[in-house]
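**Student:** So the chains spell out like this:
Protein chains: 2
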Amino acid sequence: MAQAIKGVFSAITTPVGADGSVRLDLFEDHCRALLDEGCHGIALWGTTGEANSFSISERQALLEAMLGFGVRGDQILPGTSCCNVPEAIALTRHAVKLGVLGCVMLPPFYYKGVSDEGLFRFYASVIEGVSDSRLKIILYHIPQVSQIPLSHDLIERLITAFPNTVVGIKDSAGDLENMLAMVKRFPGFSVLVGADPLMLPVLQAGGAGCITATSNLRSDALRVVWDNWRDPGKADEVAAAQDQINAWRGLVSSYVQMATVKTLVAKKRGHDDWMNMRPPWVPLSEEDRNQVWAEMARLSV
Amino acid sequence: MAQAIKGVFSAITTPVGADGSVRLDLFEDHCRALLDEGCHGIALWGTTGEANSFSISERQALLEAMLGFGVRGDQILPGTSCCNVPEAIALTRHAVKLGVLGCVMLPPFYYKGVSDEGLFRFYASVIEGVSDSRLKIILYHIPQVSQIPLSHDLIERLITAFPNTVVGIKDSAGDLENMLAMVKRFPGFSVLVGADPLMLPVLQAGGAGCITATSNLRSDALRVVWDNWRDPGKADEVAAAQDQINAWRGLVSSYVQMATVKTLVAKKRGHDDWMNMRPPWVPLSEEDRNQVWAEMARLSV
Numbered sequence: 001m002a003q004a005i006k007g008v009f010s011a012i013t014t015p016v017g018a019d020g021s022v023r024l025d026l027f028e029d030h031c032r033a034l035l036d037e038g039c040h041g042i043a044l045w046g047t048t049g050e051a052n053s054f055s056i057s058e059r060q061a062l063l064e065a066m067l068g069f070g071v072r073g074d075q076i077l078p079g080t081s082c083c084n085v086p087e088a089i090a091l092t093r094h095a096v097k098l099g100v101l102g103c104v105m106l107p108p109f110y111y112k113g114v115s116d117e118g119l120f121r122f123y124a125s126v127i128e129g130v131s132d133s134r135l136k137i138i139l140y141h142i143p144q145v146s147q148i149p150l151s152h153d154l155i156e157r158l159i160t161a162f163p164n165t166v167v168g169i170k171d172s173a174g175d176l177e178n179m180l181a182m183v184k185r186f187p188g189f190s191v192l193v194g195a196d197p198l199m200l201p202v203l204q205a206g207g208a209g210c211i212t213a214t215s216n217l218r219s220d221a222l223r224v225v226w227d228n229w230r231d232p233g234k235a236d237e238v239a240a241a242q243d244q245i246n247a248w249r250g251l252v253s254s255y256v257q258m259a260t261v262k263t264l265v266a267k268k269r270g271h272d273d274w275m276n277m278r279p280p281w282v283p284l285s286e287e288d289r290n291q292v293w294a295e296m297a298r299l300s301v
Numbered sequence: 001m002a003q004a005i006k007g008v009f010s011a012i013t014t015p016v017g018a019d020g021s022v023r024l025d026l027f028e029d030h031c032r033a034l035l036d037e038g039c040h041g042i043a044l045w046g047t048t049g050e051a052n053s054f055s056i057s058e059r060q061a062l063l064e065a066m067l068g069f070g071v072r073g074d075q076i077l078p079g080t081s082c083c084n085v086p087e088a089i090a091l092t093r094h095a096v097k098l099g100v101l102g103c104v105m106l107p108p109f110y111y112k113g114v115s116d117e118g119l120f121r122f123y124a125s126v127i128e129g130v131s132d133s134r135l136k137i138i139l140y141h142i143p144q145v146s147q148i149p150l151s152h153d154l155i156e157r158l159i160t161a162f163p164n165t166v167v168g169i170k171d172s173a174g175d176l177e178n179m180l181a182m183v184k185r186f187p188g189f190s191v192l193v194g195a196d197p198l199m200l201p202v203l204q205a206g207g208a209g210c211i212t213a214t215s216n217l218r219s220d221a222l223r224v225v226w227d228n229w230r231d232p233g234k235a236d237e238v239a240a241a242q243d244q245i246n247a248w249r250g251l252v253s254s255y256v257q258m259a260t261v262k263t264l265v266a267k268k269r270g271h272d273d274w275m276n277m278r279p280p281w282v283p284l285s286e287e288d289r290n291q292v293w294a295e296m297a298r299l300s301v
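Protein sequences appear in the order of chains V and R. So in our numbering, the last spot in the first sequence is 301, and the numbers never skip. So in our numbering, the last spot in the second sequence is 301, and the numbers never skip.
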């Protein structure tokens, strides 16, 4: 069974003005640049995109805007989940009708200690509520943020019940063993790396690609890995690209990650508004910002 | 400075049919019964009420329905927060315009490891967005679920910036020392118990009352404590009531708490639809349900 969704996808950040409203102009430029730099597509409204800091209508409007300025539906993987079923249905239905490649879906993340049965019912209720054969779901495993891990038994149950709909997972936990176990247990299921350093090892094991934050900065290097990892003659080039990815990821992780990505994108794209964030996030301090930019300059040599 | 909000408030559960839609008839009966049984008011859309499993429009509609069947605005403390500022403003503004007593507000709970500065900006953005002098906010500290504790320095900063708006806190962490420290540090601030066993000790220290789940079952006993705790001649009666509250709370906590409250309310109010839950929660198993009801019968003797 072929993987339904594969490639290098950017967990795109969302630029806002000082008042918190989306800076559409910066967003459009960044989308175009990411696709030029090598991304197969764009994962709109993920964790890095501050999805949960925006309203349902803002989330829908930005997806519509992307299509309006020419990104194709089959290049977009929007996050369409939220804690409640009716709004998750509304977001997902809206995205499917617009022809997106797939929808990345967090579990409901307010309540803790919920059962696999409850999580199954959540996803099943959304799938049945959307009721559209075009729907492709990428589950979203990011337990360090959501605090709701997705067990392999749950995933198996979802794949079994909805084989043409539940087609993949984004795993941001950074645990290689977990990803390798899923690749092995679920043939044809798209296991997408959320933690950049695992790109190469997971591809080598049969993974489907990545949805990562570092792609906002180094999608070129991720694409080098993607394009060449099977070619023994390019092993050095691939290893060097993965090393670059790891170095940038290391920089992002050395400061508050959410703000650091934006600080780096601000420098890369040449606009300070990139550093604005919606609460509860705040921009880096001036001191940290200058440190980040200095380290960025060293990495860019 | 007098406490702006005080009394026994029920963190009301939300009845739904098998299809997940709100059972307004059961809800109305339960509201009336709670007020008859001694509640000063009703805290709509809290954790026990599965608030985050309902859409914004469902949350607004049920508040309107309560007013429609005769609960007074000054008897209602709705939960009006969510993870993003614009929808938190919309929910809060709607509730304030309807004349509620106050709004109980969770911090944004998706992102973890956020700063006090970021949480301050969230609450400040909502308060400034609502921009209505009638707004009274009860902060909601429930770190075991939200994973976002509210520090005393944050609370102090909010009280200082918005002294007529940030008037209290619901503390569901179950840590007596934390509550006593807040009572001492913030004179006139309404510290409301979210963990029933602390009702009496927190009242004795200067607390303002409670917003608890057990009130769905034993608001009569909570009211006995509230009415009589200052009367030395009623110390035995008060202690017995607190013991009753603790026993019921113990029963609720012995099984999956969210489902157990509904299972007990189903028996108390005589309707099985009370046991339905929105995902990600599921009803208790038949075995657990029967155990819960057997223990309930013993406690009710």
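Hints are computed from structural coordinates only; laboratory data are not their basis. Some clues are possibly wrong.
Okay, derived cross-link-like pairs now, SDA-like style, lysine to any residue, Cα gap no bigger than 25 angstroms in a straight line [to be verified]:
1. Lys112/V / Asp236/R
2. Lys112/V / Ser115/R
3. Lys112/V / Asp231/R
4. Lys136/V / Gln75/V
**Student:** With reference to the structure, classify each hint as holding or not holding.
**Tutor:** How the hints compare with the structure:
1. Lys112/V / Asp236/R: Violated, at roughly 38 angstroms.
2. Lys112/V / Ser115/R: Status holds; Cα separation ~22 angstroms.
3. Lys112/V / Asp231/R: violated (40 angstroms)
4. Lys136/V / Gln75/V: holds (13 angstroms)
Of the numbered hints listed earlier, those contradicted by the structure are 1 and 3.
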